[in-house]
Each structure stands twice: as structure tokens, then as C-alpha cells.
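A.B. asks: Here is what each chain is made of, one letter per residue.
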Amino acid sequence: MKGDRSKAVTLWAFVVAALVMLSAPTLVVLGASFTAGNMITFPPEGLSLKWYAKIAGATDLRDAFLRSLVVATICTAVAIPTGTLAGIALAKYRVRLAGAIQVYLLLPFTVPLIGSGIGLMLVFGHWGVLGQLWPVGVAAAVINLPFMIWAVTASAAALDPDLELAAANCGAPPLSTFLAVTVPAVMPGIITGALLMFILALNEFLVSLLLVDARIVTLPVQIYNSIRSIITPDLAAISVVFIAVAAAAIALLDRLVGLDIFLKSK
Amino acid sequence: MRVRKNSYPVSWRLMDALEAVAAALWPRRFSAAVPYLMLLPAAVLTGLLVLGLWQMADGSLRTLDTATFLPSETYSLANYHRAITEKLFVTVASRSLYGSLIVTAATLILAFPYSYVMVRTRSAVLRKVLLIALFLPFFIGQVVRAYGWLIILGSQGMVNEALGLVGVAPIRLLYNYPAVLFGLVQYMLPFAVLMLAPALTAIPEEMEAAAGSLGANWVRTFLYVVLPMAKPGFIGAGLVVLTLSLTDFAIPAILGGGSQDFIANAIYDQFFRTSDQGMGATLALLLVAVGSMMVGVVFALFGAGTLAMGRKS
Chain A
0 MKGDRSKAVT
10 LWAFVVAALV
20 MLSAPTLVVL
30 GASFTAGNMI
40 TFPPEGLSLK
50 WYAKIAGATD
60 LRDAFLRSLV
70 VATICTAVAI
80 PTGTLAGIAL
90 AKYRVRLAGA
100 IQVYLLLPFT
110 VPLIGSGIGL
120 MLVFGHWGVL
130 GQLWPVGVAA
140 AVINLPFMIW
150 AVTASAAALD
160 PDLELAAANC
170 GAPPLSTFLA
180 VTVPAVMPGI
190 ITGALLMFIL
200 ALNEFLVSLL
210 LVDARIVTLP
220 VQIYNSIRSI
230 ITPDLAAISV
240 VFIAVAAAAI
250 ALLDRLVGLD
260 IFLKSK
Chain B
0 MRVRKNSYPV
10 SWRLMDALEA
20 VAAALWPRRF
30 SAAVPYLMLL
40 PAAVLTGLLV
50 LGLWQMADGS
60 LRTLDTATFL
70 PSETYSLANY
80 HRAITEKLFV
90 TVASRSLYGS
100 LIVTAATLIL
110 AFPYSYVMVR
120 TRSAVLRKVL
130 LIALFLPFFI
140 GQVVRAYGWL
150 IILGSQGMVN
160 EALGLVGVAP
170 IRLLYNYPAV
180 LFGLVQYMLP
190 FAVLMLAPAL
200 TAIPEEMEAA
210 AGSLGANWVR
220 TFLYVVLPMA
230 KPGFIGAGLV
240 VLTLSLTDFA
250 IPAILGGGSQ
260 DFIANAIYDQ
270 FFRTSDQGMG
280 ATLALLLVAV
290 GSMMVGVVFA
300 LFGAGTLAMG
310 RKS
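As they're listed, the protein sequences go chains A and B. Mapping of the first sequence onto numbering that gives the first Met the number 0: position 34 corresponds to residue 33, and the numbering continues sequentially without gaps. Mapping of the second sequence onto numbering that gives the first Met the number 0: position 220 corresponds to residue 219, and the numbering continues sequentially without gaps.
Worth double-checking, as some hints may not be accurate.
[To be verified] Which residues of chain B face chain A? A partial, calculated answer using Cβ under 7 Å:
id : residue
1  : S6
2  : V9
3  : S10
4  : M14
5  : T45
6  : L135
7  : R144
8  : Y146
9  : I150
10 : L152
11 : V165
12 : V167
13 : P169
14 : I170
15 : A249
16 : L285
[What the hints assert, rightly or not] Dumping the calculated SDA-like pairs for lysine to any residue here, alpha-carbon to alpha-carbon at most 25 Å:
id : chain 1 : residue 1 : chain 2 : residue 2
17 : B       : K127      : A       : V239
18 : B       : K127      : A       : K91
19 : A       : K91       : A       : A167
20 : A       : K6        : B       : Y79
In case anyone wonders, no lab produced these hints; they're calculated from the structure. Backbone N, C-alpha and C fix where the C-beta goes; we use that ideal spot for every residue, glycine too.
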């Protein structure tokens with residue numbers, strides 16, 4: 000075809016620009032974490048693992064990381080049953096007012112994050128439960144719940160209603176049918192959703208910032224507070240934790256459902 | 000003994016007990032209500048958000064009493080009046096709106112070739128590389144990404160050090176408006192590509208071949224075939240990027256260094272610096288109204304798209 004070459008060159012110029020833009024911060028943080036110098040300089044002053052040794056001994060960073068893990072665990076634990084039940088209900092049954100229910104359940108996506116965060120801060124403050132970690136976990140579950148429901152409904156196509164009828168026909172009572180037939184059928188969706196909930200809660204920043212106080216900062220908030228003062232390589236080393244977790248999550252997601260699922264059109 | 004025990008294991012007895020409890024609590028004649036019962040926990044969780052909006056509405060109607068530093072007992076619309084008249088808020092709002100429009104345009108221009116190559120390439124490896132490059136920043140979180148930009152663009156950062164090697168004096172690349180917009184484009188790119196990709200997948204490749212065989216070069220094919228057919232994807236992606244960048248907090252805070260506040264930063268300051276909860280709630284509620292309206296338009300026009308949660312018809 001005419002001009003195939005100019006088309007390829009133009010497209011690739013954009014793609015390379017986008018790739019550089021997307022990957023540069025990640026690569027630079029990775030590189031900076033291995034510097035031997037006391038400052039982040041370019042060109043680097045040599046390789047070392049000393050900043051990793053330093054963060055291993057820094058209790059404030061370690062505690063912040065553990066708190067982020069607790070928040071992510073609470074978020075996932077709340078979201079799995081909630082999102083799975085809602086997802087199966089929406090996918091399997093003909094629900095009255097389904098459209099209205101969907102609009103309602105998508106509220107966490109339509110309300111901007113700062114609005115959700117302030118609202119939840121006021122609610123939890125009103126109840127006097129701020130200053131603990133569990134409200135942060137619950138808040139993360141609230142704002143990301145549509146991801147969990149979406150993942151479960153997307154895999155509900157694998158759920159053949161005849162299988163449930165067959166189980167019931169063989170004498171299985173309703174609860175057994177649900178646990179032995181329905182839940183295993185949507186398990187890929189549950190795992191995908193749980194993975195998304197965990198990783199999104201782990202690096203949740205704005206809602207954490209609004210809900211935590213100085214004693215219970217989570218890791219993203221800790222990094223945010225530190226980069227406002229001075230940029231040292233130990234922050235790069237701790238940031239690599241996020242990069243590693245993200246990479247692991249992508250590998251898992253690719254194995255479980257395949258990343259290509261996001262390209263499909265309905 | 001042993002054989003008998005195995006023939007009816009403890010887990011079965013447990014299931015029987017659970018079934019009995021379930022049947023007692025929820026007799027079969029209620030079965031029509033089961034789906035609603037299953038939706039209840041999600042509805043309650045989302046209800047927290049509604050409760051939050053309600054609290055914000057209540058707070059927004061109370062003005063700060065400067066004598067006692069407590070919210071007033073009586074309701075008034077004074078905060079809303081201040082929000083639309085006071086210069087500071089108008090400046091911040093127009094800066095955010097103007098910025099998010101530029102960000103949206105730039106993001107779509109970058110996202111289209113990326114999605115197009117990702118969808119059309121015959122190489123499975125390339126497709127995977129592009130997908131991973133997209134998801135990695137998405138999963139790393141905003142703070143770490145902004146931190147990376149600080150290292151690259153700072154006054155002693157990589158770009159300035161590299162320029163120094165060739166004898167160029169350091170340039171101030173951070174803490175200005177372009178830096179914030181640049182950071183936002185990078186943050187929005189994955190969202191835009193993921194929303195455009197399904198729209199491009201839906202365009203048959205034969206369409207482009209047909210346009211080519213009729214003599215159109217690739218520029219004309221893009222302008223008159225691909226772009227018009229991908230229009231719903233562009234509108235959806237554009238509105239999502241517009242809303243998300245309009246309401247963002249972290250990028251303006253970190254890359255703007257406090258001098259380039261967007262609306263979300265102004266809201267935060269009202270709560271945590273000025274301690275004027277009522278004013279903060281007012282601004283937040285106005286932003287929620289604008290943001291929800293924009294996302295609502297997307298959902299109304301195109302459905303929830305890939306996020307649709309209902310039955311497949």
C-alpha cells in the first residue's frame with residue numbers, strides 16, 4: 000500500500016514517545032535505588048545495595064509498609080464477599096430496577112476521589128473511629144468496589160445455570176449448590192478482582208492521606224511526606240517495593256485471565 | 000469405627016448444620032428476595048459514600064464562625080456564594096479546568112497511536128510489551144511515579160545534569176504549570192489507551208484495506224475512516240481523562256510544589272490548613288456535582304462499557 004513506510008514511522012514515533020514517558024519514572028526509581036552516592040546524581044556514582052540495607056533498618060518505613068499491607072488485606076477481605084455476592088446477583092438473576100442498582104453501585108467511580116475521601120473522612124470522624132487502620136481499609140474497599148463486581152460479573156459467563164439445576168436435582172441443598180457449583184465457576188473473576196483490590200489499596204494515596212493521622216501513616220503517605228522535604232535514595236529503595244509488587248500482580252493477572260482481555264470489544 | 004466415621008465426615012455434618020441454619024433463617028418461600036439479599040452488603044458499603052455526601056451537604060451549609068472557630072448552628076448559602084465569587088477559588092477552578100482540557104487533548108493524541116499499534120500488531124510479544132508498559136505505572140501508584148519525575152526533572156535531576164555536561168545552565172523544569180500538565184498526561188495515558196482499545200478492536204481491518212484500495216493514503220484513511228468510527232471511544236476516553244485530571248490531587252501537589260494548586264488541593268487546604276470545614280465541603284460538593292455529571296454523561300451515552308456489571312443480553 001502507498002505510504003506504508005511513513006505510516007509506520009509516524010505511528011512508531013508516537014508509540015516510542017509514549018513508552019518512554021510511561022516507563023521513565025519507573026526505570027529511574029529502579030536505577031536510583033542502586034546508587035552508591037548519598038545523593039541522586041547523574042551520571043550515577045556507582046552501584047551498591049546500601050540503601051536497601053538502610054531501609055531494612057528503618058523502622059518508620061517498615062512500619063508504614065506493614066500498615067499498608069494491613070489496609071490492603073482489610074480492603075480485600077471486605078471486598079471479596081461483598082463484591083462476589085453482588086456480582087453473582089447481577090449476572091445471574093433478573094433483578095428489578097437493575098439499571099438503577101448499577102448506577103448506584105457505580106457511584107464510587109462517578110464521585111471524584113477527593114469527594115469520596117472527604118465524605119468518608121466526615122462519616123468516620125462523626126463515628127469517632129478515625130486514627131485506626133480499619134476505616135482506611137474499608138474506605139479503600141468502598142472506592143474500588145466496582146472493580147471487584149466487574150471482575151466477578153465478567154467471569155459469570157462461565158456459569159451455566161443448568162449446572163446449578165443439576166446440582167439441585169441431585170439433591171444438593173441451596174447453600175451447598177452455591178458453594179460447590181456457583182462459586183468455583185466464577186473463581187477466576189474472584190481472584191482477578193481480589194488482586195486488583197489488594198494492589199489498588201496497597202498504593203492508595205489520597206483517601207489514606209485524608210483518613211490517617213501522623214501515628215498511622217501508610218507507605219504512600221510516608222513517601223509523599225518525605226519527598227516534600229528532601230529527596231534521598233532510600234525513598235527510591237522503598238519505592239522499588241511497589242514496583243516489585245506491581246510486576247508480580249501483572250504477571251499473576253496475565254497468567255490468570257490474560258492481559259488481552261482489556262482489548263476486547265463488547 | 001474408623002470406617003463409619005469416614006463415611007460421614009465432619010465437613011458434611013458441618014454443611015448439614017449450615018444448611019439447616021440457612022433454611023431456618025431464610026425459608027424457601029423468600030427465595031425471590033435472594034438476589035436482593037446478595038446485593039445488600041455492596042449496597043451498604045456504597046451507602047457509606049452516600050452518607051459522606053450527605054454529611055458534606057450538611058457541612059457546606061454551615062459557615063465558619065471566626066470568633067469560636069466552630070461551624071455555625073444555622074444554615075446559609077454563604078459558602079456557595081463565596082465559592083463562585085472569591086478570586087482565589089475562581090483562579091484555582093479555571094486553572095484546573097484549563098489544564099485538564101490541555102491534558103485531555105495531549106493524552107488522546109498520544110493514546111490513539113499507542114492503542115492502534117497495540118490492537119493492530121500481529122506480534123503477540125509486542126502487544127504484551129505494550130500492555131505491560133501500560134499496567135506497570137497504573138499499578139505502581141501516583142506518588143512513586145511523581146517521585147520518579149522529581150528525580151528526572153529536579154534542579155539537580157538527570158535532565159539538568161545532562162544539560163550541564165554540555166554546558167547548558169540548569170533550567171527550572173519543576174514546580175510550574177507545564178510540569179503538572181506533563182505529569183497528568185503520563186498519569187492519564189493508561190486510562191485513555193484502555194478505553195480507546197476496545198473501540199479500535201471493533202473496527203474491522205478490512206475497512207482500512209477498502210479505503211486503501213480506493214486510493215486513500217493512510218492519513219486520509221485515518222481521518223475519514225478510523226477516527227470517525229472510533230468516535231465513541233474518543234468521547235468516552237476524553238471525558239474520563241477530563242474528569243480524572245480535573246479532580247486530581249497528587250500530581251499538582253508534588254510536581255506543582257504548592258504553587259499550582261488544582262481544585263482538590265484547594266479542598267484539602269480548606270480542611271487541613273484553614274480549618275474551614277464548611278468551605279471545604281462546599282468546594283468538594285461542587286466538584287462532585289461537576290465530576291459526576293461528566294462521568295454520568297459517558298455512562299448514559301455509551302453504557303458503562305467494559306465496566307458494565309449486568310447480565311449479558
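A.B. asks: Determine for every hint whether it applies to the structure shown.
C.D. replies: Comparing the hints with the structure gives:
1. Interface hint at B/S6: violated, since its Cβ lies 17 Å from the closest Cβ of chain A, which is beyond the 7 Å cut-off.
2. Against a cut-off of 7 Å between C-beta atoms, the interface hint on B/V9 is violated, since the closest Cβ of chain A lies about 15 Å away.
3. Against a cut-off of 7 Å between C-beta atoms, the interface hint on B/S10 is violated, since the closest Cβ of chain A lies about 11 Å away.
4. The beta carbon of B/M14 comes within 6 Å of a beta carbon in chain A, closer than 7 Å, and the hint placing it at the interface holds.
5. Given hint, B/T45 at the interface with chain A, holds; its Cβ is 6 Å from that chain's nearest Cβ, closer than 7 Å.
6. Here the hint on B/L135 is kept, as its CB sits about 6 Å from the closest CB of chain A, short of 7 Å.
7. With its C-beta approaching chain A no nearer than about 5 Å, B/R144 sits inside the 7 Å limit, and its interface hint holds.
8. Taking 7 Å as the C-beta cut-off, the interface hint given for B/Y146 holds, the closest approach to chain A being about 5 Å.
9. This hint holds: B/I150 has a C-beta 5 Å from the nearest C-beta of chain A, less than the 7 Å allowed.
10. Because the closest C-beta pair between B/L152 and chain A is about 10 Å apart, greater than 7 Å, the hint is violated.
11. The restraint placing B/V165 at the interface with chain A is violated, with a minimum CB-CB distance near 13 Å, outside the 7 Å limit.
12. Contact between B/V167 and chain A, as hinted, is not supported at the beta carbon level, the nearest pair being about 14 Å apart and thus beyond 7 Å.
13. With 7 Å as the threshold, the beta carbon of B/P169 stays out of range of chain A, its nearest partner Cβ sitting at about 12 Å, so the hint is violated.
14. Look at B/I170: its Cβ only gets to about 15 Å from chain A, farther than 7 Å, so that hint breaks.
15. Evaluation of the B/A249 hint against chain A yields a held restraint, the C-beta minimum of about 6 Å falling below 7 Å.
16. With its C-beta approaching chain A no nearer than about 10 Å, B/L285 sits outside the 7 Å limit, and its interface hint is violated.
17. Pair hint B/K127 plus A/V239 holds up; C-alpha atoms about 22 Å apart against a cutoff of 25 Å.
18. Distance hint between B/K127 and A/K91 is unfulfilled; the C-alpha atoms sit about 33 Å from each other, more than 25 Å.
19. A hinted pair counts as satisfied when its Cα atoms are at most 25 Å apart, and A/K91 with A/A167 qualifies at roughly 16 Å.
20. A distance of roughly 52 Å separates the Cα atoms of A/K6 and B/Y79; the hinted pair therefore is violated under the 25 Å criterion.
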